[in-house]
Amino acid sequence: MAVRDLTKAYGAVTAVDHISFSLAQATTVALLGGNGAGKTTTIAMLLGLVVPSSGEVRVFGADMSRDRTAVAHRLNFQSPYVDLPARLTVRQNLTVYAGLYGIGNVAERIAYIAQDLQIEELLDRATGKLSAGQKTRVGLAKALLNAPELLLLDEPTASLDPDTADWIRRKLKQYAKARGATLLFASHNMAEVERLADRVILLDAGRIVEDGTPADLIATYGKLTLEEVFLDVVRGRVREPLERPEDEALPARRAS
Amino acid sequence: MSAVTATKGGAEPILLPQTGVGASLRRIFALVKRYIYLLRSSGVRLVELIYWPFLQMLTWGFLQKYLAGTASPLAQAAGVLIGSVLLWDILFRSKIGFSTTFIEEMWSRNLGNLLTSPLRPYELVAALSVWSVIRLGVSMVPVAIAAYFIFGFNLLDLGLPLVAFFAVLVLTSWSLGLISAGVILRYGLGAEELAWSLAFLLLPLCCVYYPVSVLPDWLQWVALALPPTHVFEGMRSILLHNTFDVKELWWAAGLNVVYLVAGYLTFSWFLGSARENGTLVQLGE
Numbered sequence: 001m002a003v004r005d006l007t008k009a010y011g012a013v014t015a016v017d018h019i020s021f022s023l024a025q026a027t028t029v030a031l032l033g034g035n036g037a038g039k040t041t042t043i044a045m046l047l048g049l050v051v052p053s054s055g056e057v058r059v060f061g062a063d064m065s066r067d068r069t070a071v072a073h074r075l076n077f078q079s080p081y082v083d084l085p086a087r088l089t090v091r092q093n094l095t096v097y098a099g100l101y102g103i104g105n106v107a108e109r110i111a112y113i114a115q116d117l118q119i120e121e122l123l124d125r126a127t128g129k130l131s132a133g134q135k136t137r138v139g140l141a142k143a144l145l146n147a148p149e150l151l152l153l154d155e156p157t158a159s160l161d162p163d164t165a166d167w168i169r170r171k172l173k174q175y176a177k178a179r180g181a182t183l184l185f186a187s188h189n190m191a192e193v194e195r196l197a198d199r200v201i202l203l204d205a206g207r208i209v210e211d212g213t214p215a216d217l218i219a220t221y222g223k224l225t226l227e228e229v230f231l232d233v234v235r236g237r238v239r240e241p242l243e244r245p246e247d248e249a250l251p252a253r254r255a256s
Numbered sequence: 001m002s003a004v005t006a007t008k009g010g011a012e013p014i015l016l017p018q019t020g021v022g023a024s025l026r027r028i029f030a031l032v033k034r035y036i037y038l039l040r041s042s043g044v045r046l047v048e049l050i051y052w053p054f055l056q057m058l059t060w061g062f063l064q065k066y067l068a069g070t071a072s073p074l075a076q077a078a079g080v081l082i083g084s085v086l087l088w089d090i091l092f093r094s095k096i097g098f099s100t101t102f103i104e105e106m107w108s109r110n111l112g113n114l115l116t117s118p119l120r121p122y123e124l125v126a127a128l129s130v131w132s133v134i135r136l137g138v139s140m141v142p143v144a145i146a147a148y149f150i151f152g153f154n155l156l157d158l159g160l161p162l163v164a165f166f167a168v169l170v171l172t173s174w175s176l177g178l179i180s181a182g183v184i185l186r187y188g189l190g191a192e193e194l195a196w197s198l199a200f201l202l203l204p205l206c207c208v209y210y211p212v213s214v215l216p217d218w219l220q221w222v223a224l225a226l227p228p229t230h231v232f233e234g235m236r237s238i239l240l241h242n243t244f245d246v247k248e249l250w251w252a253a254g255l256n257v258v259y260l261v262a263g264y265l266t267f268s269w270f271l272g273s274a275r276e277n278g279t280l281v282q283l284g285e
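Going line by line, the protein sequences match chains Y and P.
In this text, residue positions in the first sequence follow this note's numbering: the first is 1, and each later residue adds one.
In this text, residue positions in the second sequence follow this note's numbering: the first is 1, and each later residue adds one.
What the hints contain is simulated information worked out from the structure, not anything from laboratory work.
Hints should not be assumed to be uniformly reliable.
As the list claims (entries may be wrong) - Covered stretches of chain P (in silico footprint by chain Y; criterion: 3 or more residues with CB under 8 Å from a CB of chain Y, positions within the stretch not fixed):
| hint | segment |
| --- | --- |
| 1 | 24-37 |
| 2 | 58-69 |
What the hints assert, rightly or not - Sample of chain Y residues lacking proximity to chain P, with all beta carbon distances greater than 10 Å (derived):
| hint | residue |
| --- | --- |
| 3 | Ser22 |
| 4 | Ala191 |
| 5 | Thr220 |
| 6 | Gly222 |
Each residue gets a CB set at the ideal place from its N, CA and C atoms; glycine is no exception.
Turn these sequences into a full structure, and let the hints steer you where they fit.
Shown next as structure tokens:
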């Protein structure tokens, strides 16, 4: 995936401001930022749900604002803000999406995914009657149906209890490792980012203000946790002056 | 949660070809299947599909029976009332079937999943169209049968033109459905009322219960520019005079092509506009 000079403006409001990055295969990357930092808009542009004002997103070589459907079967997506139809059973929902993604061995694949994500006992229950944790696992089942090479996740563990959240994170890590898949997820959960991500792209006011491994960022800012780094960034504090060469000036920060 | 375990010997997904007619048909069928599942999940929905057209048919059927029993000059004309109601319901129910099924995707916050899947916009439209016809069948066939047994009105008496009437009305309903869906996509569920009311705009104009000649001259041109007007004129001609002018049907078919193209372009334009304005993301939240 390559994102070049991506910008999205809604009238006078710039949600995403000239960001560029690329994702190497088999990496797990976190888009980190506070509310309104531009994470969801960025993911929406990567998915082709929102057309950029300028710049471009290329996924597997396809321009996502023009040619999304050419590569849509190679990626998938999960978000707590999007649901599967509540009245359909889990099996019915997965069957419909297996058809949409062009999966030939539907029953076999659903059985495998259900076993893998421990949702076998949920398959014949109405999706709307599941708990938040169960819904997340079912949403993940839909997202993994086509074994995507690129998986985009918007707050994958939002509103889950710590135990379930931890289970989901381990499952995602296992999937990425086993498949050599690339994961890009948006989150404001610092512990999650530290545990899951190989690389963090920190957004503030629509701009990339940091890009590095969690360990590097913590070291660069002279902090103990990523959460402390995040607080410094969103509150507009500059990092320790001696810890970075002078010629690498920090991007402009929002006033605290 | 129990421990995360790697399942051995897992089934790899066998990905079928993603392009071509076969792939398109497969995706359309997958979505139609979703709507069938939805209808099967609720007996209330099934009953509701038949309930309103059945009530309509009863009301107008009894009125027709009353008028037919009087010496009123309206008695003869009254014979076409049930026919008018049933044909109007084909247009109305098909339009509602198209629009509400689309709105259902927004209510269930599923549109984000659909629009990030390999489904093409024209396949979504095709699935909604196919489903509107299936829904129409579920809704209208029992009502047409009931009209025969209760009032002795046999819709099949319209003969072969009935098939053409049906096609014209369904095609018009898809044009209206596309416009409603596009507006709702762009402006959100706040514009939902349009889905219900757009067809009613046609009710006085396409002369469901009276001939075109009743309208003022200038309004007759507007009426004749609407495909359903030719259907209702044709139905009256068959039932009252036992004649049928095929030219009426050709007019309706030609107009439908124009309306369908305009409907699809409108839908595509609103979809593009929703992607520009970010409303597709807001729909999910």
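Here is what the structure says about each hint:
Coverage of the segment 24-37 of chain P by chain Y holds. Counting CB-CB distances below 8 Å, 8 residues qualify, and the rule asks for three or more. For a cut-off of 8 Å, the count of residues in the segment 58-69 of chain P with a CB near a CB of chain Y stands at 0, and the three-residue condition is violated. Under the 10 Å C-beta cut-off, the non-interface status given to Y:Ser22 relative to chain P holds; the minimum distance is some 21 Å. With 10 Å as the threshold on Cβ separation, the claim that Y:Ala191 sits away from chain P holds: the shortest Cβ distance comes to roughly 17 Å.
At the 10 Å boundary, the C-beta of Y:Thr220 stays outside the reach of chain P, the nearest C-beta of that chain being 32 Å off. Once the 10 Å rule is applied to beta carbons, Y:Gly222 is consistent with being away from chain P; the minimum gap is 34 Å.
Hint compliance for this structure: hint 2 is the single one not met.
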